[in-house]
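Visitor: For the record, the sequence lines run as chains A and B.
Everything in the first sequence is counted per this note's numbering, starting at 1 for the first residue and increasing by one.
Everything in the second sequence is counted per this note's numbering, starting at 1 for the first residue and increasing by one.
I should point out that these hints are in silico values taken from the structure, not numbers from a laboratory.
No experiment lies behind these values; they were computed from the predicted model shown.
In this text, a Cβ means the ideal position worked out from N, Cα and C, and glycines have one as well.
Check each hint, because a few of them may be wrong.
Claimed, not checked - Straight-line Cα separation of at most 25 Å, BS3-like style, residue types lysine-lysine; simulated pairs:
hint, chain 1, residue 1, chain 2, residue 2
1, A, 497, A, 378
2, A, 52, B, 91
3, A, 462, A, 378
4, A, 378, B, 91
5, B, 91, A, 497
6, A, 379, B, 89
To be verified - Per the computed footprint, the stretches of chain A lying under chain B, defined by three or more beta-carbons under 8 Å from a beta-carbon of chain B, are:
hint, region
7, 110–124
8, 231–238
9, 286–292
10, 389–397
11, 407–415
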Amino acid sequence: MALDLPEKTTDLSIAADAAHAVNPWVALAYLVAGVCFILALRGLSSPASSRKGNRFGMIGMTIAVVTTLATHGFGIDLEVGADSATAGLNLDPVSLLEILAAIGVGAVIGLVTARRIQMTAMPQLVAAFHSLVGLAAVLVAAAAFFNPGAFGILGLDGNILAISRVEMALGAAIGAITFSGSVIAFAKLNGNMSGAPILLPARHVINLGTLAAILVLTGLYALSPNAGAGEGWMFWAIAIAAFAIGFLLIIPIGGADMPVVVSMLNSYSGWAAAAMGFTLHNTAMIITGALVGSSGAILSYIMCRAMNRSFISVIAGGFGAEAISGGEAKEQRPYKQGSAADAAFMLQQAENVIIIPGYGMAVAQAQHALREMGDLLKKEGVSVKYAIHPVAGRMPGHMNVLLAEANVPYDEVFELEDINSEFAQADVAFIIGANDVVNPAAKTDKTSPIYGMPVFDVDKAKTVMFIKRSMGGVGYAGVDNDVFYMDQTMMLLADAKKMVEEINKSLAE
Amino acid sequence: MDFVTILSIFALACFVGYYVVWSVTPALHTPLMAVTNAISSVIIVGALIAAAASGNPVAKWLGLAGVALASVNIFGGFAVTARMLAMYKKKER
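So that you can see chain A by itself, here it is in the shape it has in the complex:
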């Protein structure tokens, strides 16, 4: 018995090696695809190189798909020396038609959606796309479960290899979490569901319990001697538990934290692809999975840092639950209200204007009017810059896209760190649809929920113009803002778009 065991293990690993011993050209093609994906992300280091980067991404994807179809569809130079482990080499024409039809259906839906989607709805679209990657990962894992031979993961004993079982289970679990989590994120971002956090009693216990169940089941599934038939239920149990946890994880997270959630789900969709890449021993999938996984993780980190919140506290959820109750300003403090004509006059007199757009601008669809205002001011010789906070909008970089859509040149748009020192020289800080990101309480008031969050130093500007619908509402964090009551602040109380249009009218006169 003691002698038998190592022998058997060797046999299994040989079988696995044989099944995965692919033609070196095929392996090389997948590697090239992976490198193309790296170049696609590399291109995004500047807007000038980004379009070339996107083309690299398309090339990489074409290489991956064509290589797979060529090897698995037409049986060209398939796996060297493998016989039994690789079922279905030569694809019949009907199957090829079915595959092309599936690609065609997906392509039409994808292209039409991409063309029609409004830029304000980008976060929803990205969430919806994440859910599709997640679901596809679950489907691939399930297909590997039903037809392990095709994936070359069968051991000599007719069972799926233990290591492949772990990879499949993880792939299915991460995919399922990505799917259900993204569906909830989509519903919250799209307004199908209230953005308010839904807090279940004992949710931490439920979440941790479900997570533990997934891990234990994955372990048991890997170790079970009869994983194919008798104990296959564990695979499904893992997938179902993961669907549940994705749902449970996202419902308690409030609307303000959605940028973090979207980034996190982006990361998960990458890890799901990587897990399936391990199952298939496919370098393109592993490289991509690692890239996307790190990308989402870094974006989540950037978002958390910009809100001065820990990732754990975001995931634990519930932020913003009490904000609604503390919403009304406790005391009436005096503030100065101005009209569009006053604002236009002061803007014309200014030399340097810094515009701080927030999500409110996007909601009011004021970006085009705002760009027009910028153009009118530039004609008068005023220098106009835009300042964007990392968490402005509903996803990372959302505000930049909206401004780009309104034809604001990207070299007039600056990040927080790059422009914050310029407020001292600015004549006007023009705040439109933003609130918490200009609140000085984040710097001074240790009791404030947003304390420690990096904010714009608008209080250093000579004049502050603050467009706001009314004095009643406060920002997401539900805190009053001292900027409203400063001597140099002029409150412009109106709908953002209407106010900017009126300012434009006065400027044009």
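Starting from the known structure of chain A, arrange chain B on it as the hints suggest.
Guide: Same frame as chain A, but now just chain B:
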């Protein structure tokens, strides 16, 4: 390829991803998410293998469904990224 080789590729790719993503300008973070979304649909490779294989009709249909879903993402993701990137313009001088 044995497991350790694959793990090495994965570990190194994580580092590559880390450095490449930090070099992405914050102004392009939304296109970054859209394009990562598109490339993570490389999972279509697994779906294609399942859809092309004979022997198990269930696996085949699951594969075909996976191919369709991933295609939505690939075409939609790259197209929407291209649409966004086309909007980023420099100042006219």
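Visitor: The structure should be examined with respect to each hint, and the outcome stated for every one.
Guide: Right, here's what the structure says about each hint:
1. For the hint pairing residue 497(A) with residue 378(A), the CA-to-CA distance comes to about 20 Å; that is within 25 Å, so the pair holds.
2. Restraint check for residue 52(A) and residue 91(B): the C-alpha separation of about 20 Å stays at or below 25 Å, so the hint holds.
3. Using a Cα cut-off of 25 Å, the hinted pair residue 462(A) and residue 378(A) holds, with the two alpha carbons roughly 19 Å apart.
4. Note on residue 378(A) and residue 91(B): the hinted pairing holds, with a Cα-Cα distance of about 12 Å set against a maximum of 25 Å.
5. A threshold of 25 Å between alpha carbons decides the hint, and for residue 91(B) with residue 497(A) the separation of about 24 Å falls inside it, so the pair holds.
6. A distance of roughly 19 Å separates the Cα atoms of residue 379(A) and residue 89(B); the hinted pair therefore holds under the 25 Å criterion.
7. Coverage of the region 110–124 of chain A by chain B holds. Counting CB-CB distances below 8 Å, 8 residues qualify, and the rule asks for three or more.
8. A count of 0 residues in the region 231–238 of chain A with a Cβ less than 8 Å from any Cβ of chain B is obtained; the coverage claim is therefore unmet, three being the minimum.
9. Using a Cβ-Cβ cut-off of 8 Å, 7 residues of the region 286–292 of chain A lie near chain B, which meets the minimum of three, so the contact claim holds.
10. Coverage of the region 389–397 of chain A by chain B holds. Counting CB-CB distances below 8 Å, 4 residues qualify, and the rule asks for three or more.
11. Interface restraint, the region 407–415 of chain A with chain B: holds (7 residues with C-beta to C-beta distance below 8 Å; minimum three).
Hint check: a violation occurs at hint 8 only; the rest are consistent with the structure.
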